[in-house]
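Throw the hints in and build the complete structure from the sequences for me.
The residues making up each chain are set out below.
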Amino acid sequence: MSGLLTETFLAALLSGAVVAAVPLILAGLGEQMSERAGVLNIGLEGMILGGAYAGFAAAVGGWGIWGGFAAGILAGMALAMIMVVFCVRLGINQIIVGIAITLGVTGVTALLHNVYFARTYPRLPAPEKWAIPGLSQIPLIGPGLFDHHLMTYAALLAPFVLMWLYKGSFLGLNLSAAGEKPEALDAAGIDVTRTRTTGALFAGAMAGLGGAYLSEIGSGIFVPAMSHGSGFIAIVLAMLARHRPVWVMGGALLFGLCLSAATALQVGGVEIPTDFIQMLPFAMVMAVLIAFGRKARLPAALGTPYRRGQR
Amino acid sequence: MSEMTEAPRVAAAPRLPGWAKPLAFALLPVLAALLAGALVLWALGSDPLNYYTYVVERGLLRTRGLQASIVHMIPLLILGTALIVSFRAGLWNLGIDGQYILGTLTAGVVAPKLVAVMPVVPALFLAMLAGAAVGALWALPPALLRAKHGINEVISGLMMSFMATSLAAAIIKLWAKDPASLEPQTSTIPVEQRLPLLPGTDINLGIVIALVVTIAAHLAISRTSAGLKLRILGLNPAAATHAGLPAPRMIVLVLCLSGAIGGFAGAVELTGVLGKMQASWNPAYGFAVVPLVFLARMNGWAMIAFVFAFSVLSIGGASAAVRLGVPQSFTMVLVGFLLLFLALAEWIDQTRREQA
Numbered sequence: 001m002s003g004l005l006t007e008t009f010l011a012a013l014l015s016g017a018v019v020a021a022v023p024l025i026l027a028g029l030g031e032q033m034s035e036r037a038g039v040l041n042i043g044l045e046g047m048i049l050g051g052a053y054a055g056f057a058a059a060v061g062g063w064g065i066w067g068g069f070a071a072g073i074l075a076g077m078a079l080a081m082i083m084v085v086f087c088v089r090l091g092i093n094q095i096i097v098g099i100a101i102t103l104g105v106t107g108v109t110a111l112l113h114n115v116y117f118a119r120t121y122p123r124l125p126a127p128e129k130w131a132i133p134g135l136s137q138i139p140l141i142g143p144g145l146f147d148h149h150l151m152t153y154a155a156l157l158a159p160f161v162l163m164w165l166y167k168g169s170f171l172g173l174n175l176s177a178a179g180e181k182p183e184a185l186d187a188a189g190i191d192v193t194r195t196r197t198t199g200a201l202f203a204g205a206m207a208g209l210g211g212a213y214l215s216e217i218g219s220g221i222f223v224p225a226m227s228h229g230s231g232f233i234a235i236v237l238a239m240l241a242r243h244r245p246v247w248v249m250g251g252a253l254l255f256g257l258c259l260s261a262a263t264a265l266q267v268g269g270v271e272i273p274t275d276f277i278q279m280l281p282f283a284m285v286m287a288v289l290i291a292f293g294r295k296a297r298l299p300a301a302l303g304t305p306y307r308r309g310q311r
Numbered sequence: 312m313s314e315m316t317e318a319p320r321v322a323a324a325p326r327l328p329g330w331a332k333p334l335a336f337a338l339l340p341v342l343a344a345l346l347a348g349a350l351v352l353w354a355l356g357s358d359p360l361n362y363y364t365y366v367v368e369r370g371l372l373r374t375r376g377l378q379a380s381i382v383h384m385i386p387l388l389i390l391g392t393a394l395i396v397s398f399r400a401g402l403w404n405l406g407i408d409g410q411y412i413l414g415t416l417t418a419g420v421v422a423p424k425l426v427a428v429m430p431v432v433p434a435l436f437l438a439m440l441a442g443a444a445v446g447a448l449w450a451l452p453p454a455l456l457r458a459k460h461g462i463n464e465v466i467s468g469l470m471m472s473f474m475a476t477s478l479a480a481a482i483i484k485l486w487a488k489d490p491a492s493l494e495p496q497t498s499t500i501p502v503e504q505r506l507p508l509l510p511g512t513d514i515n516l517g518i519v520i521a522l523v524v525t526i527a528a529h530l531a532i533s534r535t536s537a538g539l540k541l542r543i544l545g546l547n548p549a550a551a552t553h554a555g556l557p558a559p560r561m562i563v564l565v566l567c568l569s570g571a572i573g574g575f576a577g578a579v580e581l582t583g584v585l586g587k588m589q590a591s592w593n594p595a596y597g598f599a600v601v602p603l604v605f606l607a608r609m610n611g612w613a614m615i616a617f618v619f620a621f622s623v624l625s626i627g628g629a630s631a632a633v634r635l636g637v638p639q640s641f642t643m644v645l646v647g648f649l650l651l652f653l654a655l656a657e658w659i660d661q662t663r664r665e666q667a
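Chains as they are written, first to last, in our numbering: chain A, 1 to 311; chain B, 312 to 667.
If you're looking for bench data, these hints aren't it; they were derived computationally from the structure. Please note that a few of the clues may not be correct.
[Unchecked claim] Across the chosen pairs, the derived CB separations fall in these ranges: (1) R123(A) to G356(B): 17 to 27 Å; (2) R123(A) to R373(B): 35 to 45 Å; (3) L485(B) to T8(A): 25 to 35 Å; (4) D191(A) to G461(B): 23 to 33 Å; (5) W658(B) to S169(A): 30 to 40 Å; (6) T274(A) to P559(B): 32 to 42 Å; (7) W658(B) to D191(A): 14 to 24 Å; (8) K181(A) to P559(B): 22 to 32 Å.
[As the list claims (entries may be wrong)] Selected chain A positions facing chain B (in silico; Cβ < 7 Å): (9) I92; (10) T106; (11) L265; (12) F276; (13) A283.
[Claimed, not checked] Subject to a maximum C-alpha distance of 20 Å in a straight line, what follows is the list of computed EDC-like cross-link-like pairs (lysine to aspartate or glutamate): (14) K167(A) to E180(A); (15) K488(B) to D191(A); (16) K587(B) to E494(B); (17) K484(B) to D275(A); (18) K181(A) to D191(A); (19) K424(B) to E503(B).
A virtual CB, placed ideally from N, CA and C, is assigned to each residue, including glycine.
Here it is as structure tokens:
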């Protein structure tokens, strides 16, 4: 046990927690905006997975890591477009369409993986890190928090940008109105459909980016169904954080720490069956929901399509 | 009076029989999904026509394939019933896969012990009840969260499902492993102590149980007062509360009943087909059944037909995966397409009704 508490070990634990948290932060922030605008995106899991495949395939195909991120964003947005057309425009049940997207993407990415990568299992090289001068020299937290790929820092800053967006911009207010009282937004002369479209597309882009991060930076390979429920966890994070982007990040980091601790303990030689480790994040979500469920709040018009003049 | 004041219909369209429209609205999405699937196959470099004919031949036309398809229907029918029970009440029991897995596990642990000490029929019956009880228990946390705090049962149900797969594997590896086997799995029920086969076939009695459960549930929902209450809850929760129905208690009851049926499905499949539970067993039937239930418009009889068609597709698809190299995950793609086109058809139908 004493070997566990070395500085290198703890730094690796922290660093792993951040890397594990980033996809959840990105997808959770996207979902938060989408939910704010009144679109419950159950397809988030599928968008993460789609982004993971697209990002990985692009990076392997010579587009580089950043090209991969762009591909992930595009894939997520393309899937979100389905959500927009079916749910926002036509008003079809958001849960059904969400399940369809998740199922379809799981199938399609498994098929594509089978065709292109199943024989060779290509692996991306370890990502290029960018140590923040000065800060990365601090013992323990330096290598743990301040020695990451650039995208990691971007993800950690994103909640603050969104905080500003929600508090200080018209778009932020419009988004909330679209989720709480769409008819009021309509009366104010702003297009509800367009506002909701913005929210849904943003969720797709963020989930796709999170997926690309997961495959490119997190693991370096693509495995079918590799998102393993993180989309659903992100939805819960967005639900519990209510309107606060920073809380999404806090929750995601807690999850990341829990995931990272489980892996680290295993590497450190502590005997825990992997199955229990895999259970941990989901058990944690249930525990959090049971403990704080009362406080989870969703916008009033969430999940209901908006039709003009209809009550 | 009202008949006389009604304006006479001008140039009425030729009247179709009552079942024609639902049938068209069920078949068109199926056709569209098969077409979209054909495009995917073509893009992957396979011949779609070749694939589909192979699937039909292997899953339907050969006696062995047909029997396998019918056996495959057993868990799907019972799970579909579990979903219908919850969907009709406006509740989304998407934790069904977890309930199924723990029901399977429970029967896998209990049944070999019971058949050793008592006659087969009561032993298997008890094992099925145990599976159902565990399924209901696993549905309880999402049900309570929904009833007490209004938390969406979709998410919490999925969380419970993810937990169940890992929990089942851990339980088998730590406490319920068959010492005689190298693989992590429960003790095997001897073949002669499983559900008996229907004479002259490879199909076990489970299909009869599944059909009885499906039809009984359908009749209970459409013909009894309890079924009516359930439907009122689904159609208009506010009205249900106004009518004096205890909505929160009903939510818990319905979701647990659905969970019990889900656990029962696993137990029936274990005692009839599997004989043992393997640590890695997670067929994720639930998501495949969701679209079938919608296609059938939550009607038990129609679901039987669609589950049969899907079983043929799965069994034929499994052969095709070996012979034609089209992975089994293609079936999942088809199901995803099906769900989308189904939603679209529903929308078209609704829009037309609004305009009429």
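Q: Please flag the earlier hints that this structure goes against, numbers listed from lowest up.
A: Violated hints (numbers, rising): 11, 15; every other hint is consistent with the structure.
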